[in-house]
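*Asks:* So the sequence lines, in the order shown, correspond to chains P and D. The numbering of the first sequence is the numbering used here, which starts it at 415 and goes up by one. The numbering of the second sequence is the numbering used here, which starts it at 3 and goes up by one.
Just so you know, the hints here were simulated from the structure itself, not pulled from any lab data. Cβ atoms here follow ideal geometry from the backbone N, Cα and C, with glycine treated the same way. Errors might be hidden in some of the hints.
Unchecked claim - Here are some chain P residues pointing at chain D (derived, C-beta under 10 Å): (1) Val418; (2) Val425; (3) Val427; (4) Ile444; (5) Arg454; (6) Leu462; (7) Asn510; (8) Leu515; (9) Thr516; (10) Phe517; (11) Leu519.
Listed below are the residues making up each chain.
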Amino acid sequence: GDSVTQTEGPVTVSESESLIINCTYSATSIAYPNLFWYVRYPGEGLQLLLKVITAGQKGSSRGFEATYNKETTSFHLQKASVQESDSAVYYCALGNYAQGLTFGLGTRVSVFP
Amino acid sequence: AQTIHQWPVAEIKAVGSPLSLGCTIKGKSSPNLYWYWQATGGTLQQLFYSITVGQVESVVQLNLSASRPKDDQFILSTEKLLLSHSGFYLCAWSQDWGGDAEQFFGPGTRLTVL
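Chain P with its partners taken away, still in its complex shape (with noise of 0.2 Å):
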């Protein structure tokens, strides 16, 4: 079945700094899956963060960016300067038509001022 291996947390990182969480993935059930990244804030729900549905492209939002590599699967999060705010779990999860979302594990990232 499909699959998302994505950094293994807990990741601490210094406000100011920059931030990657590696994702990759692996679709037996479709060529070009659906990518995303979620996010849940603490005391929220989880929510979208960004989203690419065509190879090569990239997404971007709050001053993240992923983008979709094919050649090797992978669609790893990146931030230039993560704030305090920035402070949350992360989870990758891949889409296809059929069978909704398969999640990573997910990833929980402390920033400290």
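Position chain D against the provided structure of chain P, taking the given hints into account.
*Replies:* Leaving out everything else, chain D in the frame of chain P:
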């Protein structure tokens, strides 16, 4: 604006007891509905989805069942809980159907089975 409500917020139940978790979506007609489950330390797994009232499809078998009695309501249940049912249950909805559809999640229900 659409809102999604789950109940209860948390539940502690005995092995072998019945369970019913609920989810209601307001402000959106004919949503696609989903149930997810996350064991402690595990990933979110999709359990069920429903495209229309009265129709529910199972994705993962966990000795659970789901029903959609109304357009805006999704129920997850079992007659006999197992220890392995402990975890975090999330309900979600989407407007579009397909692998690129954004899903909107509820706050979740934490279930502890003793």
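*Asks:* Give a verdict on every hint.
*Replies:* Going through the hints against the structure:
1. Val418: holds (8 Å)
2. Val425: violated (16 Å)
3. Val427: At about 22 Å, which exceeds the 10 Å cut-off, the nearest Cβ of chain D leaves the hint on valine 427 of chain P violated.
4. Ile444: With Cβ-Cβ at 7 Å, under 10 Å, it holds.
5. Arg454: Check passed: Cβ of arginine 454 of chain P comes within 9 Å of chain D, closer than 10 Å.
6. Leu462: Leucine 462 of chain P check passes; min Cβ-Cβ to chain D is 5 Å, inside 10 Å.
7. Asn510: Check passed: Cβ of asparagine 510 of chain P comes within 4 Å of chain D, closer than 10 Å.
8. Leu515: holds (6 Å)
9. Thr516: Check passed: Cβ of threonine 516 of chain P comes within 8 Å of chain D, closer than 10 Å.
10. Phe517: holds (4 Å)
11. Leu519: Given a least distance of 5 Å, the restraint on leucine 519 of chain P holds.
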